[in-house]
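Here is how the chains run, residue by residue.
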Amino acid sequence: MQETNIIYHYDGSFDGCICCVFDAFYRRENPMKILSKEERQVTLFPVHEVQTDFFHAKRVLNALYEKVSPKVVRFIEEGFLSCEPEKEKLILETIRRAFRDGANVLNNLTDDSVGKLYRAVKFLKNETHLLCGFVRFSEQNHILCAVISPKNRVLPLLAPHFCRRYPEEHFLIYDKTHQEAVIYQPYESILIPLENFQAFPADEEEKNFRALWKCFYDTIAIEGRLNPKCRMNHMPKRYWSHLTELQEQTENFNDENSEKTLSLKKISES
Amino acid sequence: MTTMEKLKILTDAAKYDVACTSSGVDRSGKKGGLGSTQFSGICHSFAADGRCISLLKVLYTNFCICDCKYCVNRRSNDVKRASFTPRELAELTIGFYKRNYIEGLFLSSGIIKNPDYTCEQMLKVLELLREEYHFRGYIHVKAIPGADDQLLKKLGMLADRMSVNIELPSEESLNRLCPDKNRKAIFHPMGLISGGIQVHTKELVQYRYAPKFVPAGQSTQMIIGATKDTDYQILNLAESLYQKYQLKRVFFSAYVPVAENALLPPLQTKPPLLREHRLYQADWLLRYYGFEARELLDQEHPQFNPVIDPKCNWALQHMNFFPVEVNCADYHTLLRVPGVGPKSAKAILQARRAATLDFTGLKKLGVVLKRAQYFLTCSGRIIDGLRVTPDIVLRNLISQQGIELLKTEEPPEQLSFFSPTESFEQIRQLMPIRIRG
Numbered sequence: 001m002q003e004t005n006i007i008y009h010y011d012g013s014f015d016g017c018i019c020c021v022f023d024a025f026y027r028r029e030n031p032m033k034i035l036s037k038e039e040r041q042v043t044l045f046p047v048h049e050v051q052t053d054f055f056h057a058k059r060v061l062n063a064l065y066e067k068v069s070p071k072v073v074r075f076i077e078e079g080f081l082s083c084e085p086e087k088e089k090l091i092l093e094t095i096r097r098a099f100r101d102g103a104n105v106l107n108n109l110t111d112d113s114v115g116k117l118y119r120a121v122k123f124l125k126n127e128t129h130l131l132c133g134f135v136r137f138s139e140q141n142h143i144l145c146a147v148i149s150p151k152n153r154v155l156p157l158l159a160p161h162f163c164r165r166y167p168e169e170h171f172l173i174y175d176k177t178h179q180e181a182v183i184y185q186p187y188e189s190i191l192i193p194l195e196n197f198q199a200f201p202a203d204e205e206e207k208n209f210r211a212l213w214k215c216f217y218d219t220i221a222i223e224g225r226l227n228p229k230c231r232m233n234h235m236p237k238r239y240w241s242h243l244t245e246l247q248e249q250t251e252n253f254n255d256e257n258s259e260k261t262l263s264l265k266k267i268s269e270s
Numbered sequence: 271m272t273t274m275e276k277l278k279i280l281t282d283a284a285k286y287d288v289a290c291t292s293s294g295v296d297r298s299g300k301k302g303g304l305g306s307t308q309f310s311g312i313c314h315s316f317a318a319d320g321r322c323i324s325l326l327k328v329l330y331t332n333f334c335i336c337d338c339k340y341c342v343n344r345r346s347n348d349v350k351r352a353s354f355t356p357r358e359l360a361e362l363t364i365g366f367y368k369r370n371y372i373e374g375l376f377l378s379s380g381i382i383k384n385p386d387y388t389c390e391q392m393l394k395v396l397e398l399l400r401e402e403y404h405f406r407g408y409i410h411v412k413a414i415p416g417a418d419d420q421l422l423k424k425l426g427m428l429a430d431r432m433s434v435n436i437e438l439p440s441e442e443s444l445n446r447l448c449p450d451k452n453r454k455a456i457f458h459p460m461g462l463i464s465g466g467i468q469v470h471t472k473e474l475v476q477y478r479y480a481p482k483f484v485p486a487g488q489s490t491q492m493i494i495g496a497t498k499d500t501d502y503q504i505l506n507l508a509e510s511l512y513q514k515y516q517l518k519r520v521f522f523s524a525y526v527p528v529a530e531n532a533l534l535p536p537l538q539t540k541p542p543l544l545r546e547h548r549l550y551q552a553d554w555l556l557r558y559y560g561f562e563a564r565e566l567l568d569q570e571h572p573q574f575n576p577v578i579d580p581k582c583n584w585a586l587q588h589m590n591f592f593p594v595e596v597n598c599a600d601y602h603t604l605l606r607v608p609g610v611g612p613k614s615a616k617a618i619l620q621a622r623r624a625a626t627l628d629f630t631g632l633k634k635l636g637v638v639l640k641r642a643q644y645f646l647t648c649s650g651r652i653i654d655g656l657r658v659t660p661d662i663v664l665r666n667l668i669s670q671q672g673i674e675l676l677k678t679e680e681p682p683e684q685l686s687f688f689s690p691t692e693s694f695e696q697i698r699q700l701m702p703i704r705i706r707g
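If you read the protein sequences in the order shown, they are chains U and V.
In terms of our numbering, the first sequence is numbered consecutively and its last residue is 270.
In terms of our numbering, the second sequence is numbered consecutively and its last residue is 707.
Calculated directly from the structure, the hints in this document are not laboratory data.
It is possible that part of the hints are untrue.
[What the hints assert, rightly or not] With a cut-off of at most 25 Å between alpha-carbon atoms, the simulated DSS-like pairs for lysine-lysine come out as follows:
id, chain 1, residue 1, chain 2, residue 2
1, V, Lys634, U, Lys151
2, V, Lys350, U, Lys214
3, U, Lys176, U, Lys122
4, V, Lys613, U, Lys122
5, V, Lys640, U, Lys122
Construct the complete structure from the given sequences, taking the supplied hints into account.
Put into structure tokens, the structure is as follows:
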């Protein structure tokens, strides 16, 4: 379909994104750009403000679910969590093709839009898997806290793993990039937006465990086989800032700007 | 002695153990428990040598009654000795696990007093973890050769994976370097474990909640380069272990010199990392690509070629098998193409259900064409503008590592682009291509 000279603005939510699809079908347009709240800028092109309507989004998703396949809905949801800059347009294109080709659309990996979204989802899943290992908790007052800064919005996929793993613990994982956190207490979890989270300073026991872990990490490598490049391939440097074993001091590496402290207590109350 | 000192000594003593995988069993978390496992395994960190850290890999103790020549913990070696208590080790594991440092525990041990006593101590740690701390994470435990069958079975009920070290590839080498061990004693527990797994699998058919025995299977490891055994012997041994004992993995560990001994390579020998790499490549070909050991090596060519990987080597000798047509070849045929692995092959199968594939499409799928382009056709055509001469093909099949190797062994001008026929001959001499009769 020919591109229309129009830009869509939406509120940045998943429903909002699906409403863009609804509007594009309804108005028979193919917007040149779909921008979220954060991305929008002054432009000379005509702009259409997409109103987020829960029922519109539901109509699109239900149709996909029933007429095409539940797998496609899942694929779209995961695509939205990815860090692909043009994900909204790719989602629109993928949904168009899904209504045309049916469930086979997911195999069409050589298609420009579907393939690109597929690779974005793959990156999201890879990062989630890596973070299953790279998350580092600190225990404070019997609450486990961790900070991550992933490129993709991994928390919705990452949280179930840790909820299953630590059913009896209280924990919090804070995503610094997307400013949201998942909080868990036996047996319920919640995903909330959260700004400027700051962990407590480490107590003696915590410091001791960090030191033990660092000692283990430094000892386990064999000097005769040192291979920094191989390590970097498996564990890219952007994850290092949150890894206990790679910090010079094991004390409070997560606390950078202590003025903006939002203590844990406040969160647990809210 | 503090826990910190013990941890340092016992980690240092365990670091030459290779296996650190946490794969092979899916177990969800449970109310009241701590931990879960994932079938694919999870790497939690990577050490400075690039090896994955997934489990807390320590020895229970590094006191040992054995005197294996290549081992840091041999009784004649003057090193600091230490020993955990079961409680101490269990608490350390739980503390690390809660902070998501590790996926579980890898417990091995030197032999104190006798194999049975050692086994009992290890059993205590596992019992504490599983029964008192309700730990549901991964546990890999080393079976101690010579220990009582009942003890080994008990260990197997608590652990996810067990392994017995073969130590060295042949009986002759073992007798020479490990006077206190014999090959029979090593294979006995291996047989016991694989027998136990089979019995368990049968029981599981009858009762859904039959107790699990070593659910993630068993593995083993051997040292490469400390003795004169050839790649051909080693690979055949690995293959027979996979078939006979249903092992999940055979690990190879390049020998890092730790002791001066007339029977061992001299201390300044570098670990044969490239050889280890080639063996692992071949091991993957056995386990995931449907190759057999006899296809890769034979008696006349008992060693892998250092400059070219085993799969490319096979392909060069079976040019009649190629080219493979991307749009209709089956999975196993695709897997034989150099540069195409399980991921690429599956992506090709998936994508061609929706559209006919061409070379641009392959690139979009993420198939790396550097090597594969010489062995593939898309709808009967090879890639546009591809020049195929033996020299160019060979150049592209040699890995970067191989090129480095050629450079260091010979004067640099012999790899010059302006004398291609000459350099081709050079490579050819280094790479004895087998001709099948």
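Evaluation of the provided hints:
1. Taking the CA atoms of lysine 634/V and lysine 151/U, the gap is about 22 Å. The hint holds against a cut of 25 Å.
2. Note on lysine 350/V and lysine 214/U: the hinted pairing holds, with a Cα-Cα distance of about 20 Å set against a maximum of 25 Å.
3. In summary, the hint linking lysine 176/U to lysine 122/U is supported, as the alpha carbons are separated by about 22 Å, within the 25 Å threshold.
4. Proposed proximity of lysine 613/V and lysine 122/U is supported: the alpha carbons are some 12 Å apart, at most 25 Å.
5. Simply put, lysine 640/V and lysine 122/U have alpha-carbon atoms about 23 Å apart, close enough for the 25 Å limit, and the pair holds.
Figure legend: structure checked against the earlier numbered hints; every hint is met.
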